[in-house]
Every structure is written in C-alpha cells, then in structure tokens.
Amino acid sequence: MNLTYTSREQVEVYRFAWPVAIGVPLAALFLQAFIPVHVYFFRAFDLPLLVTIFFGISRRNPITGLSTGAAIGIFQDALSHQPIGLFGIAKTCIGYLASSIGVKLDVDNPGSRFLMTYAFYIVHQMICYALRGMMGESPAWHWGHDLGLALANSLLAVVLFAGLDRFKQRT
Amino acid sequence: MESFFGRHKNATVLAAVLFAQLLGLATQIKTQTDRGSVRLLRYWAVAAISPLEKGFVHTQDGVRRLWLNYVYLRGVRQQNEQLKQQIEQMRIQQVRLQEDANQARRIQALLAFKEQYVARTVAAQVIGTSGTEQSRIVYIDRGSNDGIRHDMAVITPDGVVGKILTVYPTTSQVMEITDWQSGVGAILETSRQIGVVKGSLTGLPYFDYVMSDEKVQVGENVITSGGDSIYPKGFLIGKVVSVGPSRDLYLKISVKPAAALDRLEEVLVITQVVDKTPDTTDLGPIRAADILAERLPSVPQQKQPAVSPVVGEVPATPPVSGAAQTQAKPPASQPPQAKPPATGPAKSKPNQPVAKPKLPATQSAPPQEPRP
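So the sequences go chain by chain: A and B.
For the first sequence, our numbering begins at 1 and goes up steadily by one.
For the second sequence, our numbering begins at 1 and goes up steadily by one.
Hints in this document: simulated from the structure, not taken from any laboratory.
In this text, a Cβ means the ideal position worked out from N, Cα and C, and glycines have one as well.
Mixed in with the good hints, there may be bad ones.
[As the list claims (entries may be wrong)] Chain B residues, not near chain A, derived (Cβ > 12 Å throughout):
hint : residue
1    : Gln-134
2    : Pro-169
3    : Asp-179
[As the list claims (entries may be wrong)] To give a feel for the contact side, a few chain A residues facing chain B, derived at Cβ under 7 Å:
hint : residue
4    : Ala-33
5    : Pro-36
6    : Val-39
7    : Ile-63
8    : Ser-80
9    : His-81
10   : Tyr-96
11   : His-145
12   : Gly-148
13   : Ala-150
[To be verified] Pairs of lysine to any residue, SDA-like flavour, derived with a Cα cap of 20 Å:
hint : chain 1 : residue 1 : chain 2 : residue 2
14   : B       : Lys-252   : A       : Arg-15
15   : B       : Lys-252   : A       : Ser-67
16   : A       : Lys-168   : A       : Tyr-40
17   : B       : Lys-9     : A       : Leu-151
18   : B       : Lys-9     : A       : Thr-64
19   : A       : Lys-104   : B       : Ala-11
20   : B       : Lys-30    : A       : Gly-136
21   : A       : Lys-104   : B       : Lys-30
22   : A       : Lys-168   : A       : Gly-23
23   : B       : Lys-9     : A       : Ser-67
24   : B       : Lys-252   : B       : Gly-219
Please model the entire structure based on the sequences and the hints provided.
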C-alpha cells in the first residue's frame with residue numbers, strides 16, 4: 001500500500017476541460033439512474049460519490065471540491081424521494097475532505113485510492129444516517145451491508161479512477 | 001477580520017454551503033410537502049434525465065422486438081404445439097373452476113359481500129431509477145397526462161410493485177415495496193395474520209405486527225389486505241422466507257417480493273377500483289336447498305333435544321330444521337340483505353365476512369383490522 005505523505009511542493013494539481021468537468025458528473029448521474037433498470041445490483045454502487053471523490057482529489061481545491069459535491073448531491077436528491085439536501089450535505093463534506101486530503105497525500109496510486117474510497121463511503125453513509133436521525137427518521141443501520149457496499153465501491157473506484165485519469169490536464 | 005476569512009476561506013465556504021443546505025432541509029421537514037423551489041428542482045432534474053432514459057429504453061425495446069419478432073424465431077413451431085396442448089388442459093380446468101366461481105359468487109351475493117374490482121389499469125414502462133439503495137424508486141413513462149395520480153397502486157402479473165409517489169406530466173415516480181419508508185397493509189394467506197409489510201434499507205421487506213407467540217410458516221403467501229386504501233385486497237405481495245424473533249413483541253418475518261423488482265420492465269398502474277356486489281343474474285335458477293347448503297356448509301346434525309333459545313340470543317350455528325327449510329326462498333325473491341341473523345357473536349359465523357375498517361393512508365399504520 002503506497003499511502004505516503006508528500007510535501008506540498010510534490011503534489012500535482014490537475015484541471016479538467018469544461019466538457020469533462022460538466023459531462024462526467026452528468027453522465028455519472030444518468031448512468032446511476034438508468035443502469036439499475038437492467039442491472040439491479042448496480043444500485044449498490046454510488047457513481048456520483050466516486051466522481052465527487054475523483055474530482056476532489058485531482059483538483060485539490062476544497063472550494064471546487066465541495067461545490068462539485070454539493071451540485072452532484074442535490075441533483076441526486078432531486079431524483080430520489082428524500083428531502084433535498086441529504087445527499088447534498090453528505091457529498092459536500094466528502095468533496096471538501098477529498099480535496100483537503102488530496103493536498104496532503106499521494107492519491108494517484110490504486111492502493112491509496114482504494115482505502116480512501118472505502119473510508120469516504122463509510123463517512124458518507126454515516127453523515128446520511130446522522131441527518132436522517134436529525135430529521136426524526138431512524139432506519140435500522142446494517143453495518144455488514146454498508147461495509148460490503150463500501151468494498152464494492154472501492155473496487156469500482158480503482159478501475160473508474162484509472163479511466164478518468166486520461167482526462168486530467170496538468171496545470 | 002479580513003485576515004481571518006482570508007486564512008479560513010475554505011472552512012468558511014464549507015460552513016456557508018452546509019448551513020444553506022441544512023436550512024433548506026429544515027424547511028422541507030417543517031412543510032412536509034414539496035413546494036416551490038423544491039418541487040421545481042425535482043421537476044428540472046426529472047425533466048433533464050427522463051427524456052434520455054425514455055430514448056434509451058424505447059430504442060432498446062424496438063431493437064429487441066425486431067430481433068424477437070422477425071429474426072429469432074427458432075423453436076416457435078414447437079412452442080406453439082406445446083401451448084395448444086396447454087390450452088386444452090386449461091379449458092378442462094376452467095370448466096371446473098367456473099363452477100366453483102359461480103358458487104362463490106352466489107354465496108357472496110347472499111351475504112351482500114362487496115368486492116373490489118380493478119376497473120381500469122394503465123400499462124407503463126420502467127425507464128429509470130433513483131439509483132440509490134436508500135431510495136428504492138423507479139420512474140415510469142406515464143404521468144398525469146395519462147390519468148396517473150398520487151397513491152395509485154402499481155402491480156405486475158406476478159405481484160405488487162409499489163405505489164405512485166410523485167406525478168409529473170409525462171413521468172411518475174413509483175416507490176417500491178422494498179423502500180424503507182414503504183408500508184403495505186397485508187395479510188398472511190393461510191394463517192390470516194394481519195400486519196404491515198415494511199421495506200428496509202437492505203431491500204428485503206418484512207411483515208410486521210405479528211405477535212411473537214403466533215405460528216407462521218415459511219413459504220406462506222403474503223397478500224394485500226386492502227386496509228390501506230391504496231392496494232386492492234388479494235394481490236400477492238410475496239412469500240415468507242424466514243421467521244425469527246425480534247427485539248420487540250413482534251416476530252421478524254422476512255418476505256421475498258413476488259414481483260421481480262430486480263428486472264422490472266413493464267408495470268400496470270391501477271387507475272380505478274370499484275366496489276360492487278357480485279352479479280348473479282347469469283348464473284341461472286338456484287334451488288332453495290342449495291342456498292341452505294351454502295349458508296350452512298359445515299353444520300353437523302344435532303341429536304340433542306331442541307331447546308328454545310333465550311330471547312335476544314341466537315344460537316351460534318342454528319341447527320338445520322324443517323322450519324328453517326321452509327323459510328328459505330329462491331334468490332329471485334330474496335333481497336340482498338337476506339343473510340343469517342347478525343346478532344350472534346362474530347366467531348359463531350365463520351363464513352360471514354367481517355366488515356373491515358379502513359386504515360388511514362399513512363404508510364406504516366399499525367394493523368387495526370379485526371381478524372376474519
């Protein structure tokens with residue numbers, strides 16, 4: 001596992017062409033809504049979350065990261081039946097955390113990406129449950145289920161991030 | 001002050017964005033309904049996604065039909081022969097079932113039993129989902145323009161799918177019965193336990209409100225009770241797959257949905273349900289002896305000397321006597337309210353349906369129906 005601490009000077013900051021910056025999150029949202037019609041288990045994945053993490057750790061700019069997370073999360077909320085802001089808040093936090101961590105850690109190798117996504121997925125779920133608790137809803141939390149989903153999403157993240165790396169442009 | 005915000009710019013922006021969203025969240029919880037900008041946001045999101053989804057689904061459907069109807073016809077002749085044989089067998093079976101059905105309708109008419117009939121349905125195609133495990137929602141390609149309204153039941157030939165949650169002009173949102181906020185008034189087909197089928201975050205619904213000292217068999221069918229005023233009575237929800245103790249007073253009964261929710265393509269939205277008494281005019285004349293036999297199907301002959309009942313009380317199951325036979329009339333002259341006296345205790349008339357009070361339309365209302 002190459003989870004190494006890097007100095008600020010060593011960290012490379014990437015940018016993306018605007019069609020990629022807009023198109024990839026929209027594609028993720030569309031695929032997340034469409035694929036489960038035919039591939040039911042795809043609901044287990046959270047492509048919008050993975051895209052939020054990817055853009056966060058690549059741009060390494062917390063404000064851009066949290067804005068991307070907020071926009072993606074609110075769009076996802078709008079497609080569901082839950083109050084708008086639930087995923088918005090969770091993904092805002094994840095976007096901010098991913099950008100902040102991206103500044104401090106080397107996040108370009110698969111090992112660190114796997115671990116980070118695993119941790120971020122759990123944090124995302126915890127925020128969602130906490131918000132539900134604040135709203136007076138109390139669904140039973142299935143730890144095993146969530147840990148399994150975190151594992152599945154982490155594995156997908158390694159593959160997805162490798163594909164999305166092609167769109168990176170050095171600043 | 002300026003240097004403070006300059007140094008903590010990121011944290012300040014984060015706090016501001018979170019605060020704004022929390023405020024929005026709190027407002028939505030207070031109002032409990034989608035209004036104004038929230039409704040608009042959902043509308044925009046659905047309007048952006050659903051045309052693409054419809055395009056993909058309809059193209060895919062067209063290609064598949066082209067392939068199945070014009071190209072891939074291997075084995076159709078053989079299948080045709082098998083289906084013909086199957087039809088012959090089913091015709092024979094139908095004759096027997098028709099007799100049973102006629103008899104049942106006559107009994108229902110005698111008891112003034114009102115049934116719910118699905119009068120009208122609208123077929124719809126599933127075009128998308130919410131895409132998250134925490135919100136088990138599917139989108140269909142029919143909306144208010146097609147007569148779809150809030151809280152209409154959605155079914156497939158296999159079983160219940162869910163209910164309409166939000167309606168847009170050309171699209172609707174369906175909440176599946178597996179969603180953790182879903183609740184369906186249900187009844188166990190064999191043991192007649194009444195409860196509510198609730199969804200969960202894992203996607204496996206469970207049957208709630210059955211006391212832990214009751215006996216429930218694995219494999220038993222779970223059907224709608226009709227008590228929630230959304231799903232008509234008698235539709236298959238699923239099967240019991242496991243029964244175990246839970247932390248509270250009730251059993252933990254897991255239910256596997258009968259409808260194939262993992263590969264939903266087409267569904268039916270029940271747009272109209274009517275209550276009516278079964279029509280027996282086309283069943284032909286019925287003999288008085290038949291009516292009596294139907295009224296009292298399981299009453300054994302009592303050999304004890306007849307004792308006149310106390311005034312105001314009615315024997316639990318009145319013995320078959322000559323007087324009773326003479327009182328029976330053919331149904332042509334018998335009004336619908338011609339039914340056994342209803343003054344006795346409910347348990348004394350096992351064949352008489354008990355009136356069910358309607359549950360409120362809340363999703364997780366506890367069962368209030370008396371046991372039949």
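For each hint, the structure was consulted:
The beta carbon of Gln-134 (chain B) sits about 7 Å from the closest Cβ of chain A, which is not more than 12 Å, so the claim that it is off the interface is violated. For Pro-169 (chain B), the condition that its CB be more than 12 Å from all CB atoms of chain A holds, with the nearest at approximately 16 Å. With a minimum CB-CB distance of about 8 Å to chain A, Asp-179 (chain B) fails to clear the 12 Å threshold, and the non-interface call is violated. Interface restraint check for Ala-33 (chain A): the shortest CB-CB distance to chain B comes to about 4 Å, inside 7 Å, so the restraint holds.
For Pro-36 (chain A), the suggested interface contact is upheld, since its CB lies about 4 Å from the closest CB of chain B, less than 7 Å. Contact between Val-39 (chain A) and chain B, as hinted, is not supported at the beta carbon level, the nearest pair being about 9 Å apart and thus beyond 7 Å. Restraint check, Ile-63 (chain A) versus chain B: the minimum CB separation of about 5 Å is within 7 Å; hint holds. Interface hint at Ser-80 (chain A): satisfied, since its Cβ lies 4 Å from the closest Cβ of chain B, which is below the 7 Å cut-off.
Checking His-81 (chain A) against chain B: minimum C-beta separation of about 5 Å stays under 7 Å; hint holds. Contact between Tyr-96 (chain A) and chain B, as hinted, is supported at the beta carbon level, the nearest pair being about 5 Å apart and thus within 7 Å. Interface restraint check for His-145 (chain A): the shortest CB-CB distance to chain B comes to about 5 Å, inside 7 Å, so the restraint holds. Taking 7 Å as the C-beta contact cut-off toward chain B, the hint placing Gly-148 (chain A) at the interface is violated, the least distance being around 10 Å.
Hint status for Ala-150 (chain A) relative to chain B: violated, with the closest Cβ pair at about 12 Å, above 7 Å. Proposed proximity of Lys-252 (chain B) and Arg-15 (chain A) is contradicted: the alpha carbons are some 52 Å apart, above 20 Å. For the hint pairing Lys-252 (chain B) with Ser-67 (chain A), the CA-to-CA distance comes to about 43 Å; that exceeds 20 Å, so the pair is violated. Restraint check: the Cα-Cα separation between Lys-168 (chain A) and Tyr-40 (chain A) comes to about 31 Å, which exceeds 20 Å; the hinted pair is violated.
Under the criterion of a C-alpha separation no larger than 20 Å, the hint pairing Lys-9 (chain B) with Leu-151 (chain A) is inconsistent with the structure, at around 34 Å. Taken as a hint, the Lys-9 (chain B) and Thr-64 (chain A) pair is honoured in the structure, with Cα atoms around 12 Å apart against an allowance of 20 Å. Proposed proximity of Lys-104 (chain A) and Ala-11 (chain B) is supported: the alpha carbons are some 16 Å apart, at most 20 Å. Taking the CA atoms of Lys-30 (chain B) and Gly-136 (chain A), the gap is near 12 Å; set against the 20 Å cutoff, the hint holds.
Taking the CA atoms of Lys-104 (chain A) and Lys-30 (chain B), the gap is about 41 Å. The hint is violated against a cut of 20 Å. Taking the CA atoms of Lys-168 (chain A) and Gly-23 (chain A), the gap is about 14 Å. The hint holds against a cut of 20 Å. A hinted pair counts as satisfied when its Cα atoms are at most 20 Å apart, and Lys-9 (chain B) with Ser-67 (chain A) qualifies at roughly 14 Å. Only pairs whose Cα atoms come within 20 Å are accepted, and Lys-252 (chain B) paired with Gly-219 (chain B) is accepted, the gap being roughly 14 Å.
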